[in-house]
Amino acid sequence: MQQTKITAENRDDFYRTVYPTISMAKHELIDLDKLPGKKVLFDSAGWHYEQLFTNQKIIKLEHLDSCSSYKLERQQFDYIYTDAKIPALMLNEGTLVYDNGTYLKYKTAQQIKQSVAYLSERIQPSVIVLRMVTTTLNDSRFENRIQSFLNIIPDNFYFTKFVYNIDNVYMEMKIKKTYDLN
Amino acid sequence: MSWRTIQLGDSNCDQDQIILDLYKDTAVNYIGNDPDFARKLTLDTDSEHAVAVFNQPGLLSDFIDFVQQLAEYKTFYLGINRYFILGNDTTITYDTASNTDSKNLFFTVQQVLNCNIVQLGTYDNDQGRYFNFVQPLTWMYATN
Chain A
1 MQQTKITAEN
11 RDDFYRTVYP
21 TISMAKHELI
31 DLDKLPGKKV
41 LFDSAGWHYE
51 QLFTNQKIIK
61 LEHLDSCSSY
71 KLERQQFDYI
81 YTDAKIPALM
91 LNEGTLVYDN
101 GTYLKYKTAQ
111 QIKQSVAYLS
121 ERIQPSVIVL
131 RMVTTTLNDS
141 RFENRIQSFL
151 NIIPDNFYFT
161 KFVYNIDNVY
171 MEMKIKKTYD
181 LN
Chain B
1001 MSWRTIQLGD
1011 SNCDQDQIIL
1021 DLYKDTAVNY
1031 IGNDPDFARK
1041 LTLDTDSEHA
1051 VAVFNQPGLL
1061 SDFIDFVQQL
1071 AEYKTFYLGI
1081 NRYFILGNDT
1091 TITYDTASNT
1101 DSKNLFFTVQ
1111 QVLNCNIVQL
1121 GTYDNDQGRY
1131 FNFVQPLTWM
1141 YATN
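Here the protein sequences come in this chain order: A and B. Residue numbering for the first sequence follows this note's numbering, starting at 1 and increasing by one per position. Residue numbering for the second sequence follows this note's numbering, starting at 1001 and increasing by one per position.
The shape of chain A in the complex, shown without the other chains (with noise of 0.2 Å):
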């Protein structure tokens, strides 16, 4: 369909648009100052996290279409990932950072926690930050949607935070401590 078609001349507009933290300030952004460890910076235009908090460590994972249909240069990020696979980083003590990115959207509450357990598998955070628009869950329009968001948790996760506005979701998440008794 004609409009989903990127440009030279509305490249930039469009990447605005699809990522709207490009264009916020720090104290719009998620605070990482305030998360533990390295942080992880899922389809989220780290790079422009990356330039505000300059005294965190902060990789960058960015999708391939992203990469070129935003011709994103290579200092912007630091793994591609597609709708295949996710590099596996084995983070451990860090936080897995997901900003109004593209990859959970138009999804059922159902394929988000699935895309989360899978990003979690991967990438082994402490600590899941999500923060997105409920306006593209995918699911029907006559059911709580609060109710489904509580869903999406991975099972060895349990909400430390989760701040619901009708139309916008923030969560945090943290893993579960595991002990063997026996």
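What the hints contain is simulated information worked out from the structure, not anything from laboratory work. Misleading hints may appear alongside valid ones.
Unchecked claim - Cross-link-like lysine-lysine pairs, in silico, DSS-like; alpha carbons within 30 Å at most:
1) Lys-5/A x Lys-1024/B
2) Lys-57/A x Lys-113/A
3) Lys-176/A x Lys-38/A
4) Lys-174/A x Lys-105/A
5) Lys-85/A x Lys-57/A
6) Lys-1103/B x Lys-113/A
7) Lys-1074/B x Lys-1040/B
8) Lys-85/A x Lys-105/A
9) Lys-26/A x Lys-57/A
10) Lys-105/A x Lys-1103/B
11) Lys-71/A x Lys-107/A
12) Lys-5/A x Lys-1040/B
13) Lys-107/A x Lys-38/A
14) Lys-105/A x Lys-57/A
15) Lys-107/A x Lys-1103/B
Remember, it's a predicted structure, so these values are computed and weren't measured experimentally.
Starting from the known structure of chain A, arrange chain B on it as the hints suggest.
Okay, now just chain B, sitting in the frame of chain A:
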């Protein structure tokens, strides 16, 4: 720059063309939030025909209020961005298990207006990573 201009420039998307074909020789009242597209129509606020586009966030009651204003028109095109219906704040119950959103929405409009749906369509399949928010993907053309 508007999202329409970013995505389409001066060209028309599929939904634009459907509306322009429906009302190519007819003045209409445009009810929506896309002034760039409205300029492509022949506008007359006293017209008996309306092009109405629900393309801003709202709850089901907002949508029903929006639909009710179409009762005064002989014919109307109604476009619905179903993603922008944020939830059901009414006592109306829906069979969400076996009916699609689109089917439920069409039924609701028919109940509210008691109108005759002449044409309808929906393009709710995956549109890729960049969704079309220029025009809604669920639409109907109806007479009162």
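Results of checking the hints against the structure:
no.	hint	in the structure
1	Lys-5/A x Lys-1024/B	27 Å, holds
2	Lys-57/A x Lys-113/A	27 Å, holds
3	Lys-176/A x Lys-38/A	19 Å, holds
4	Lys-174/A x Lys-105/A	22 Å, holds
5	Lys-85/A x Lys-57/A	23 Å, holds
6	Lys-1103/B x Lys-113/A	27 Å, holds
7	Lys-1074/B x Lys-1040/B	21 Å, holds
8	Lys-85/A x Lys-105/A	17 Å, holds
9	Lys-26/A x Lys-57/A	16 Å, holds
10	Lys-105/A x Lys-1103/B	23 Å, holds
11	Lys-71/A x Lys-107/A	26 Å, holds
12	Lys-5/A x Lys-1040/B	21 Å, holds
13	Lys-107/A x Lys-38/A	28 Å, holds
14	Lys-105/A x Lys-57/A	27 Å, holds
15	Lys-107/A x Lys-1103/B	20 Å, holds
Hint compliance for this structure: every hint is met.
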